[in-house]
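Which chain is which? The protein sequence lines are E and H, in order. Just so we're aligned, residue 1 is where the first sequence starts under my numbering, counting upward by one. Just so we're aligned, residue 177 is where the second sequence starts under my numbering, counting upward by one.
Think of the hints as simulated: they come from the structure by calculation, not from any bench. A hint or two may mislead.
To be verified - Distance windows between CB atoms, simulated:
hint: 1; chain 1: E; residue 1: Trp163; chain 2: H; residue 2: Val217; range: 21 to 29 Å
hint: 2; chain 1: E; residue 1: Ala6; chain 2: H; residue 2: Val216; range: 25 to 33 Å
hint: 3; chain 1: H; residue 1: Arg514; chain 2: E; residue 2: Tyr100; range: 54 to 62 Å
The C-beta atom is built at its ideal place from N, Cα and C for all residues, glycine as well.
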Amino acid sequence: MKRFFAIIESPYLRALLIGFIVLSFQTTLFNTLRPFSVVMQVMLLCSAASGVAAGSESGAIAGFMFGFMYDMVLTSPFGLSALVFGFAGYMAGGVNTFAYSPRWWFKMLSVGISSFAAVLIYPAASLVVGVDGLLQTRVIGVAVTVGLFNAAFALPAVFMMRWALVKSKKQLLWAE
Amino acid sequence: MYSFTRRRLIVVLLLTSVLLLTLDRSESGLVGGVKDAFGVVFRPVESFANVISRPLSNVWRGVVDYSDMRKENLALKDLLVKQEGAAIAATASVREAQELLALNGLPTLAGIDSVTAQVVGQSPSNFTQTFELNRGKSSGIRVGMTVTNGAGLVGKITGVTLERSVVMLATDPQYAMSVKVGACTRPNTTTTAVPSSSTTLAPSGPSTGDTMAPGDGSTTPVLTVPPTTTSTTSTTTTTTVLQRATTTTIKGFTPFATTLPPVPGGGFASQITVPETGVLLPRETGAMEGQGIDRLPVIRFIQTSARLGELCAGVPVVTAGGSQSLAPADLVVGTVARVITRSGTSGPLLEVELAANLQSLNFVRVLLYQPATEIPQ
Chain E
1 MKRFFAIIES PYLRALLIGF IVLSFQTTLF NTLRPFSVVM QVMLLCSAAS
51 GVAAGSESGA IAGFMFGFMY DMVLTSPFGL SALVFGFAGY MAGGVNTFAY
101 SPRWWFKMLS VGISSFAAVL IYPAASLVVG VDGLLQTRVI GVAVTVGLFN
151 AAFALPAVFM MRWALVKSKK QLLWAE
Chain H
177 MYSFTRRRLI VVLLLTSVLL LTLDRSESGL VGGVKDAFGV VFRPVESFAN
227 VISRPLSNVW RGVVDYSDMR KENLALKDLL VKQEGAAIAA TASVREAQEL
277 LALNGLPTLA GIDSVTAQVV GQSPSNFTQT FELNRGKSSG IRVGMTVTNG
327 AGLVGKITGV TLERSVVMLA TDPQYAMSVK VGACTRPNTT TTAVPSSSTT
377 LAPSGPSTGD TMAPGDGSTT PVLTVPPTTT STTSTTTTTT VLQRATTTTI
427 KGFTPFATTL PPVPGGGFAS QITVPETGVL LPRETGAMEG QGIDRLPVIR
477 FIQTSARLGE LCAGVPVVTA GGSQSLAPAD LVVGTVARVI TRSGTSGPLL
527 EVELAANLQS LNFVRVLLYQ PATEIPQ
């Protein structure tokens, strides 16, 4: 029984469940809300927020998981979103470590920058795997919009991912 | 628990991604199977999220799109009234054309079964342009089949599960299709000098060698209809004069005369000039490729030639067909929006305005025609 609870208390299982719910809103609500004709990337937001909340390594793993789930509903090359989102999580964690005790605005900046970079990298990576035609000037506008949106919603996302990935002292005591 | 170092973690994630990409690009059934299984689990969750988020989506649409919708609705009502008459005439013409094709044993679109499906989802990506349909393998849909709507070509099926299928739009950069495009003016034809002793059925008015004005919807003289015979009793000569009818022409479709080759050993009656019969202009085949969101597809590999004549905007574009083509022949794609001339031997680029409005798709028709190139070996 204790082992069962340990499994369901696993950080990555929590992240998986969060990813599942967020993905369902990504394909429905956020698919409809398209400011400036750009689809908001909440899966990418969660990936970057994971890095800020739990560090580069956890961010990379969580980002990879979210990207993998996103790939399941896309027709783009399978594994590409996993790669790029994993990078976003890792980068966000890395940027966040530049500050000793990052303030709220620095967390927003980390998420925004890594999201911006991930959107730019995606078409470039797709070109590498043989899917051309995505690398256009429009990508810059998309990257800026996604970066700003993700920065704006970074704090609640970081809070959510901290709940999922970082065990509280109470949980650690209970596990012992 | 084993703790990964940073470097090991990055290497493992990178290798896993490469492995997944390799599996996907090698088109193994594994990726499709995993996606299908995920879809089975995910679809109920998505439906639930859809129910919850619909009010918010409707509010957003109401705020952002309301005024545009009103304007569009009024414009569409006007358009509908105009189109009703044209549609009846067009239906009659299409039926006639299909009968003619059937009489000659040629394939027609009418002979291809189709499935009507509803668009139930759109790609959440900013890069791919795909739609999800509520029909799948159980309705006979397979990868590669062509999707159309009432107006024209929409795209092709790129993924199928039991009850769902994914359509790649014709504007997606990955989409390519062979199409036919005609010239706006007829090419220069030589007027045949007919010996005075031969029987000539010649239309009155300008000679057939005249250059016609670009098809701009104006009225130009075309097909001749029932002949009026004018006989002069005082002489032995009977001249048959074909009366010219005036009708509205469609861009890219202008009549010209056909001159039959001389009959071998035919003596003095060497040539017969057949009157104008509204024959289609010669058409050139090119490759249409999508250019991404907010950009029109372009046609490449069209070579301007004396035979083809001049290329211009407004000319209809239809699918080329053929055993290797992704779509059956003569499916309406759209019209040429712009001709971009290029220097050298690269030939012009033609931007295509698609007949189908891809921004507001609801019901579409999937032609149950699987191209030879898409049939699994």
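Next item on the list: Could you check the structure against the hints above and give me the numbers of any it violates, in ascending order?
Entry: Violated hints: none at all, because every hint is consistent with the structure.
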